[in-house]
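From just these sequences and the hints, can you work out the full model?
Number of protein chains: 2
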Amino acid sequence: MRTLEHPRTEDLQLDAVLSALADPIRRTIVRQLADGHADQACIAFALPVGKSTSTHHFRVLREAGVIEQRYQGTAILNTLRAADLEARFPGLLTAVLAAT
Amino acid sequence: MRTLEHPRTEDLQLDAVLSALADPIRRTIVRQLADGHADQACIAFALPVGKSTSTHHFRVLREAGVIEQRYQGTAILNTLRAADLEARFPGLLTAVLAAT
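Protein sequences, first through last, are from chains F and P. Quick note on the UniProt record's numbering: the first sequence kicks off at 1 and runs consecutively. Quick note on the UniProt record's numbering: the second sequence kicks off at 1 and runs consecutively.
The set of hints was computed from the structure by calculation and includes no laboratory data. Treat the hints with care, since some could be wrong.
Stated by the list, open to error - Derived Cβ-Cβ restraints for the label pairs, each shown as a range:
{"no.": "1", "chain 1": "P", "residue 1": "Pro-90", "chain 2": "F", "residue 2": "Thr-3", "range": "34 to 42 Å"}
{"no.": "2", "chain 1": "F", "residue 1": "Asp-39", "chain 2": "P", "residue 2": "Pro-24", "range": "46 to 54 Å"}
{"no.": "3", "chain 1": "P", "residue 1": "Ala-46", "chain 2": "F", "residue 2": "Val-49", "range": "40 to 48 Å"}
{"no.": "4", "chain 1": "F", "residue 1": "Thr-3", "chain 2": "P", "residue 2": "Arg-59", "range": "36 to 44 Å"}
Stated by the list, open to error - Okay, derived cross-link-like pairs now, SDA-like style, lysine to any residue, Cα gap no bigger than 25 Å in a straight line:
{"no.": "5", "chain 1": "F", "residue 1": "Lys-51", "chain 2": "F", "residue 2": "Glu-5"}
{"no.": "6", "chain 1": "P", "residue 1": "Lys-51", "chain 2": "P", "residue 2": "Thr-28"}
{"no.": "7", "chain 1": "P", "residue 1": "Lys-51", "chain 2": "F", "residue 2": "Asp-15"}
{"no.": "8", "chain 1": "F", "residue 1": "Lys-51", "chain 2": "P", "residue 2": "Asp-15"}
{"no.": "9", "chain 1": "F", "residue 1": "Lys-51", "chain 2": "F", "residue 2": "Ala-22"}
C-beta: ideal position from N, C-alpha, C; glycine also.
Right, dumping it as structure tokens:
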């Protein structure tokens, strides 16, 4: 099984997190993860973009440390790293999710 | 006197604000404005970049609505739009300034 790389909580970079969140499609993903359960498959997100663009957005979020991704068979399951983000950048995710 | 354009508070866009803040040089500017007085001249910021790059960063912050800029003679004075940002995106600027 291929392993997906994730930054450790202490290595999360504000530049990368803010850039990752500065996109409406990526915030749609984050919002759905925040509102729902962990381990949501990429295919469960009704995004107005094609598959490769969608995959790109999930990867940006993972590499920034905003989400965790893991394989389950051929699917990739996504979980918001809410606690890690709160530990590293207190209040940031809450403020972004509250914004409209 | 040339007038500098600024978005109105209600027109501030989260994409633009997060992108503007996702740069360490621009956060240095924001931090110095947050720690100090209003109306700081661009020349008062000891930034590790050249003049045109510096001017670019100030413009990105202004166009995103993060700072207000106004002419005083040939100088441009800068003020953080902390209250406008707080009104539009509560907690966001505080969280970004608290992050290290």
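Results of checking the hints against the structure:
no., hint, in the structure
1, Pro-90/P with Thr-3/F: 34 to 42 Å, "holds, 39 Å"
2, Asp-39/F with Pro-24/P: 46 to 54 Å, "violated, 34 Å"
3, Ala-46/P with Val-49/F: 40 to 48 Å, "holds, 42 Å"
4, Thr-3/F with Arg-59/P: 36 to 44 Å, "holds, 42 Å"
5, Lys-51/F with Glu-5/F, "holds, 20 Å"
6, Lys-51/P with Thr-28/P, "holds, 15 Å"
7, Lys-51/P with Asp-15/F, "holds, 22 Å"
8, Lys-51/F with Asp-15/P, "holds, 22 Å"
9, Lys-51/F with Ala-22/F, "holds, 20 Å"
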